[in-house]
Every structure is written in C-alpha cells, then in structure tokens.
Amino acid sequence: MKSRRATVVTAAVLLVSMGGALGVLVAIDATQRRAVAQQSLYIDSPKVLRRLSLGYTGLLADIYWTRAVQYFGEQHHKGSGDFRLLAPLLQITTQLDPKLFPAYQFGANFLSPKPPDGAGLPGAALELMKFGIAHNPDQWPLYYNLGFLYYTELNDYARASDAFAAGAKLPITSEFMPILAARMAQHAGEFDTARMLWFTTYQSSKDPRIRQNAVEHLQALRVDEDVTRLEGVISKYRQQTGHSPSRIGDLEQAGFIHGAPVDVKGHPYNLAADGRVEVQDWKDIPFITKGLPPGEKSPGPHVGK
Amino acid sequence: MSAIEILDLEKSYQVGFWRKREKVGLRPLRLTIEEGEVFGFLGPNGAGKTTTLKLLMGLVFPTAGSARILGKSMDDPQVRSQVGFLPEQPYFYDHLTARELLNYYGQLSGIPAKGRSSRVDQMLTRVGLTDSAEVQLRKFSKGMLQRVGLAQAILHDPKLVFLDEPMSGLDPMGRREVRELIQQLHHEGKTVFFSTHILSDAEALCDRVAVINQGELRGVGAVAELTSQAEGRVEIIFSATKMPPALTQLGAESRLRGDIASAVLPEAQQEAALEILRRERLRLISLTPVRKSLEEYYVQNLQPTENRKGVGV
Amino acid sequence: MSSGRVGYIAFNTFREAVRDRVLYNLIAFAVLLSGAAILVGEISIDIERLVVINLGLTAISLFGVLIAIFIGIGLVSKEIDKRTLYTVLSRPVQRWEFVVGKFFGLTGTLVVNTVFMAIGVFLALLYTAHRFEKMDAWVLVALYFIVLQFFVVCALSLFFSSFSTPIMSAVFSFALFIIGNLADDLRGFARMTHGFGGWLATVIAYLVPNFASMNVISQVAHGDPVSGQLILYNTLYAIFYSAMAISGAVLIFQRRNLK
Numbered sequence: 030m031k032s033r034r035a036t037v038v039t040a041a042v043l044l045v046s047m048g049g050a051l052g053v054l055v056a057i058d059a060t061q062r063r064a065v066a067q068q069s070l071y072i073d074s075p076k077v078l079r080r081l082s083l084g085y086t087g088l089l090a091d092i093y094w095t096r097a098v099q100y101f102g103e104q105h106h107k108g109s110g111d112f113r114l115l116a117p118l119l120q121i122t123t124q125l126d127p128k129l130f131p132a133y134q135f136g137a138n139f140l141s142p143k144p145p146d147g148a149g150l151p152g153a154a155l156e157l158m159k160f161g162i163a164h165n166p167d168q169w170p171l172y173y174n175l176g177f178l179y180y181t182e183l184n185d186y187a188r189a190s191d192a193f194a195a196g197a198k199l200p201i202t203s204e205f206m207p208i209l210a211a212r213m214a215q216h217a218g219e220f221d222t223a224r225m226l227w228f229t230t231y232q233s234s235k236d237p238r239i240r241q242n243a244v245e246h247l248q249a250l251r252v253d254e255d256v257t258r259l260e261g262v263i264s265k266y267r268q269q270t271g272h273s274p275s276r277i278g279d280l281e282q283a284g285f286i287h288g289a290p291v292d293v294k295g296h297p298y299n300l301a302a303d304g305r306v307e308v309q310d311w312k313d314i315p316f317i318t319k320g321l322p323p324g325e326k327s328p329g330p331h332v333g334k
Numbered sequence: 027m028s029a030i031e032i033l034d035l036e037k038s039y040q041v042g043f044w045r046k047r048e049k050v051g052l053r054p055l056r057l058t059i060e061e062g063e064v065f066g067f068l069g070p071n072g073a074g075k076t077t078t079l080k081l082l083m084g085l086v087f088p089t090a091g092s093a094r095i096l097g098k099s100m101d102d103p104q105v106r107s108q109v110g111f112l113p114e115q116p117y118f119y120d121h122l123t124a125r126e127l128l129n130y131y132g133q134l135s136g137i138p139a140k141g142r143s144s145r146v147d148q149m150l151t152r153v154g155l156t157d158s159a160e161v162q163l164r165k166f167s168k169g170m171l172q173r174v175g176l177a178q179a180i181l182h183d184p185k186l187v188f189l190d191e192p193m194s195g196l197d198p199m200g201r202r203e204v205r206e207l208i209q210q211l212h213h214e215g216k217t218v219f220f221s222t223h224i225l226s227d228a229e230a231l232c233d234r235v236a237v238i239n240q241g242e243l244r245g246v247g248a249v250a251e252l253t254s255q256a257e258g259r260v261e262i263i264f265s266a267t268k269m270p271p272a273l274t275q276l277g278a279e280s281r282l283r284g285d286i287a288s289a290v291l292p293e294a295q296q297e298a299a300l301e302i303l304r305r306e307r308l309r310l311i312s313l314t315p316v317r318k319s320l321e322e323y324y325v326q327n328l329q330p331t332e333n334r335k336g337v338g339v
Numbered sequence: 011m012s013s014g015r016v017g018y019i020a021f022n023t024f025r026e027a028v029r030d031r032v033l034y035n036l037i038a039f040a041v042l043l044s045g046a047a048i049l050v051g052e053i054s055i056d057i058e059r060l061v062v063i064n065l066g067l068t069a070i071s072l073f074g075v076l077i078a079i080f081i082g083i084g085l086v087s088k089e090i091d092k093r094t095l096y097t098v099l100s101r102p103v104q105r106w107e108f109v110v111g112k113f114f115g116l117t118g119t120l121v122v123n124t125v126f127m128a129i130g131v132f133l134a135l136l137y138t139a140h141r142f143e144k145m146d147a148w149v150l151v152a153l154y155f156i157v158l159q160f161f162v163v164c165a166l167s168l169f170f171s172s173f174s175t176p177i178m179s180a181v182f183s184f185a186l187f188i189i190g191n192l193a194d195d196l197r198g199f200a201r202m203t204h205g206f207g208g209w210l211a212t213v214i215a216y217l218v219p220n221f222a223s224m225n226v227i228s229q230v231a232h233g234d235p236v237s238g239q240l241i242l243y244n245t246l247y248a249i250f251y252s253a254m255a256i257s258g259a260v261l262i263f264q265r266r267n268l269k
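Protein chains in written order, with my numbering: chain A, 30 to 334; chain B, 27 to 339; chain C, 11 to 269.
To be clear, the hints were calculated from the coordinates, so they are not data collected in a lab. A couple of the hints might just be wrong.
As the list claims (entries may be wrong) - Beyond 12 angstroms from chain A on every Cβ pair, some chain C residues (computed):
id : residue
1  : PHE114
2  : GLU143
3  : ASP146
4  : PHE187
5  : TRP209
Claimed, not checked - Chain A side only, calculated, beta carbon under 7 angstroms to chain C, not exhaustive:
id : residue
6  : LEU83
7  : LEU88
8  : ASP91
It should be emphasised that the depicted structure is a prediction, and the values quoted were computed from it without experimental measurement. Quick reminder that beta carbons are idealized off the backbone N, C-alpha and C, glycines included.
Could you put the whole structure together from the sequences, leaning on the hints where they help?
Written out as structure tokens, the structure reads:
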C-alpha cells in the first residue's frame, strides 16, 4: 500500500510539472512573438553560412530555398505585404548554390513588384539576375528576366533590348527573345509586346506560382485591351451617330461589333452612366488598369493561395 | 628444458600527472618452472600475480629483465602458439556464440580449417558447454564465461597453460570441475601455471608453489615438503558421546560433534591417550599425524624476510 | 599467414558491428531522412532531383561519419577496456595485425552500410524522377568519394583510440572531421599569414585531412561531371592518409602497456 501511494504521488508530480513546463513555454512564446520574423534567417551572412555548412552547401541551399518559398506564401496569406526577408533568403540560397535556378526565377518575379504583390526591390532583383547570369550563362530565362526588369521597373529600353538580344544568341532560347529585342525600341508600350513578355514568363518557368502570376497578367492584359478597344468603338459610334450609346448592345445592333464581348470571367462589359466601360467583376480580376470605377485600384493577385 | 625461466623480470609504473612518482608493480623476479609441473602462484590481491602473467604474455612490457618460455624468448610470437592464457574475469565478444568464439580463436591460433570444427566440439564437451554452444555470450553466466575461457586456453593443445584465478566466480561444483581439468592437463604432460589466493586448491593441485606479496617473491617450495613437516602432534578420532575428562587432562584440544570426537595432542602422549580410550571402551576410528598446513606457510611468507619470525624460506 | 589472421580479425569486427544493434538504429534514421527528401522535394517543384540527391548523400555522409567514429572507437576502446583483447593477443597475433584487421572490418561495415543507404537514395530518385538519367551516374562517384572519406575517418578514429580514452577519441575525431571540411579555407588562410603564425598555420593546414575535396554532392546533384583527375587524386590521398594514420596507430599500440 505504501508503494501504491508513492506511485500516485510521483505520477501527480509528473503531471503537474509537465503542465507547469508547458504553461511557461506558452508564456515565453507570447512575449517573443515579435522576434520570430528575424529568426527565420538565423544567420544572415552567406559567407559564415558557407563555412558552417562544412561543404554541405547543396543541402543548406535547398533548405533556405524551401524557407524562402514558405516565407513568401505565409506573408502573402497574411496579406501583410511585408516581404522584407525575401531578398536575404534568396541571396543566401544563391550564394550557397549558385546553380539553384528556380531561386533566380522566383526573385525576378516577386522581388521587384511593389507590395502587396512583391517585395518592391527591383534593384535587388536586378543584382540577383546578374549574379545568376554570371553562374548560369546558358539559361535564357535569366536574360529574359533581366530584360523584363529593365523594361518594367527602370524603363531602360536600351538595356532591356541588350538583355533580350544576349539571350537570343544562346543555343537554347525562346522564339520571342529576338522579337522582344527588336520591339523594345518602338513598340514598347503596346499590348502585343506586353503579351509577348508575359507569355515568355509563363513559358520560362515550371513554378506554378510564377505561372499563375503570368496568367493573371495575361488575363488583365486581355481585359485592358478589350476595354481600350471598346472605348475606341464607342468613340467611333459617337462620331458616326452623334450621340453616346446607352448600352453595349447598341454597338452590336449598329454593327460595330459582333456579339456581346465578355471579360475573362465570362461576364459582359457594362456601360457606365458617364460613358465609361466598366468591368463587372473588377474586384475579381487582378492587375487590370482599365474598366475600374473611378478612384479604385485593382486588388492583389491570387498568387500563393 | 624448463618451461618458464623468469630472469630478473621487473615492472614499475609512473604514477601521477605532474610529478611522476614511481610505483613498483614487480620487483626483479627470478623463477624457474619445469616442464610438466603444476605450479601455483600465491598471493593476496594486488600482490603482482596478474602483472607477472601479463608480462609473460606480452600484454605489458617489462622495465627490465626478460624471460624464456619453452626455450624461446618471450617476445617471440611463435611462442604463443604453444601457450594458452585465461585472464582474470574474462570477457568476450558479446554477440558471438560460444562456438563462433572458439572457432574464431581457432582461426587466430592457426588451427587448420579441416579439423577445426571437431576440435571446437571437443572443447565444448570437455568444459561442459555443448548445450549452450549456440547461445550468444552476452547471455552467459560468470561460471559459463569462465568455462569458455578455459576452453579457449586449451583449444590449440598448448604445451603450457597460464590461468589467472581460474576458480574465480565458480560454485563448488564448478571449482571441482576445474580442479579435475587441471589434473587432466597435468596427466597430459602439460605445464600449468596458475595464480590463486585459494590455498586449498593450491595444496590439492600443485607440485610447487611460490608466494608473492607487494611485488616481491617471498618464498618458493614443493608442496609436499612444506606440508610434510610434521609438528609432532597427532589427531585421534573416536566414537564417543562425551569427551573423557582424562584426555582433557592430558592437554588435548578436543572437539565433539554428535557421536564423533577428535582430540589433538603431542605425539609423546599418543600411547597414554590410546590407553584412556581402551579403558573407557571407546572405539578408535583413526590416528593421524598433524601436518603443517599450506596456510601457515603462506601467512608466514607474506612478510618480507627481515620481518619474519620462525621458519624461513 | 598474416593476411589470414588480418582477414579473420576483419571479418569478426564486421560481424560484431553488424550484430550490435546500434547500427540498425542509424540506418533506420537515414531511411527516414530519405523519405523526408521526397516530401521536401514536393514543396520545391522542379528541383526534386536536386533535393533528393543533396539530402540523401548528405545523410549518408554525415551518418556514416558518426557511425565510423562511434562504433570505431567503441569497438577498439571497448576491447581494451573489457579485456577481450587479452585472449586475442595471447595467440600468435601481432599487434599490427589486430589494428589493420580492425580497420578493414570497420571500413567493410561502412561500405556495406553505404550500399544499403545508396540503394535507398536511388529508389527515392526513381520515385521522384520516374526514370534514371545518364547524369545519375555521377552520383556513384560522389558515393565513392564518401566511402573514401569513411576510410580516412576510420583510420583517424583508430589512431586516437590507440592511446586515448573513448570520449577524447570521439572528440578529436569529430573535431578533425569538421576542420578537415574547412581545409580549403585553412590553406588559403595559411598562405596569407606570415611569420611563425603562418608557418604553424601551414603545417596544420596541410596535416589535417582534406575532406573538402571529397565533397562533390552539390556538383552531382546538378548533374555536373566530376573530373577523372580529382577521382585519381582523392583515391591516392585517401590511401596515403589512411596508411599514415594506421601506421601511427600501430606504432603507438605496439608500445602500449595494456591495463
């Protein structure tokens, strides 16, 4: 009987102390929540990391790459628009394994766009591309991304053209590269150029996030193009009939267009009271710049969800 | 040819980390063991018995001196094919079975593959381990390990066998079996050199003994001689239910157990004692001279020569 | 005659290591890690092959080194401690035969272990990539280098156990493994330092085992080839370095008083 009591007491002590330990741990976590973000990196010097990896750089690079992707996904899901760790994570990844190709792609697509679509660091993205090209001189998508960045972020059409041209010379490359190189000079602002650019992005990566992003841009382009075209048709209608159409259907009846145009969601375009073309579900189509109600901006993309 | 000639073999250790002090394991030892002898090496724990054996087996290197084993230098590796060794409290490869272990040792001893397995079987039978031959050694009791140890020591039919405390950890039955084994080895003409601190074993088995203490040889002698010195007393054993007072008056040391009595008294009073028994009509069972025991020789010789009183070496 | 005894000792060492269940735990752990590799590969699209090879080979390398150090030291120090050695050396077995036999038994165990783990990695590779490519052959070279690394580590752990306690031998061996992986940096540092410090650094930098050149894991993970020259150099280096460490072990062990 004595031993039974001893067992019960000991078991009770065990449970109480376990509860106590867990409770303290929860309290510690609560006070340290702020520090978690920085902890994502642990050590931020690539050189130190290289040494610490004891030659097992490949695996460490893979681990940091996985963390980069997860970090981006988490931040995106939270909708915080805060991607400040993305650049260091990608830099460390590529320093440890300069041939980890998808990391460059990821950086090109998500480092440069402004928050909440990306980290808003086009300079860092450029540096990453140049580093990538130095170590993977035969990978055409890197030249493509470089050109894309010069074009979209820096409006440096000359350098963009050079990048596309360099990529076009590679033994394995996209058919669009030489065309893009040529188009940079004159046709930079055209829909066709933009479409070609986004289609090449789509083609150059197997990463579903990057592809999704490219698809959404292509869809937005489609909508923008439709709206622009419709507005052009409305102008012509006004010119010819002397008054504005009341509905999109009027244009069809007057023979200016064939069939009712629909947006990428399958919904027909509307005609607003002030004569503007409006997209019905503008909240559901990211990246569009036309067909929005006045003062509104297109919501963020669906990448990473 | 002597089996073992130890020539001033000496071992001292450096003890301590900064200021090295010398600790003596064995003072210069000079000893010869003849072929075919059973030789007992007696002494308390820490006396230097194991050190001597390790020196002879080449496990430890002497500070000075040398030895010849079976006519060859003790450094000669070929010597070891003629020698068997059972260390104190042996420990073997845990995960091998007894048969695998003996087979492995047979390989190392150079027993040719052809006869090896039957030889291993013979050894297992000889030490009574046939039933446990396929059991892993980590499941063996101490006594069983001791038997494996004996088996591996005689596996290759060596001429000379060294046993360090062969009775250690054995129950009386086991000790008896080991005694019989040593006697068998003796009959086979082998030389057996064993160390022990159990004197009755030494007395029963050995031709000669040496006493060692504190690293120094204290005495060597033939067992028969050492114990033949009659002390001039006799022991009379007879049937009685109580001790006759007349015997006690003679000054006998007496003992009574049930209906057997024994009395020890000086030889001179032997006839007077027998007369008392006749008078009391007590039946005589035996009359034997009392010998000096090995124990006394041992205890006496543990002391260094200067300190000894009484009988010398 | 000698080679026979060395062979018997090697085989017995192998048998003892295999029956000692510690080995199985580590193998199971490595298998688990290979499974994790497949999972991680699924997070990172397009680089499954990269991750499987990086993770698989790194696991084989690190676990093998741990096994080499702990079992190697356990096997030798344990024998000295527990005196199984006495009955072995009481036979016509030379002390050098014992050391060399232990070495081959140990390395043999690791080679067998590596083969099993490598099969696991190749199976994981097949699972993620669904077929083998020509460039997968270079993975075999990386595995070969890892085995060379094991030879050197085994030789080192035997060297240390010939005179040191089990714990210190483990510490020294592990420390040399880490330093050896930084050997490139050490040599570079030695070249830049002058004076006595530079001389000392040079001596150390050239004496530590050069594990850095034996690690081509990242390279083969990308499917890049390994130069034949490197294969030759690493092989020779491993042979020379192991022979050096084993000779040292023999020299020390031959003079050692066994307690």
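To see whether the hints hold, each was checked on the structure:
1. PHE114: About 27 angstroms separates PHE114 (chain C) from the closest Cβ of chain A, which puts it past 12 angstroms; holds.
2. GLU143: holds, 16 angstroms
3. ASP146: holds, 15 angstroms
4. PHE187: violated, 8 angstroms
5. TRP209: Answer for TRP209 (chain C): holds, closest chain A Cβ roughly 23 angstroms.
6. LEU83: This hint holds: LEU83 (chain A) lies near chain C, its Cβ roughly 4 angstroms from the closest one there, short of 7 angstroms.
7. LEU88: LEU88 (chain A) check passes; min Cβ-Cβ to chain C is 4 angstroms, inside 7 angstroms.
8. ASP91: With a minimum Cβ separation of about 5 angstroms from chain C (threshold 7 angstroms), the hint on ASP91 (chain A) holds.
Consistency note: the structure conflicts with earlier hint 4 alone.
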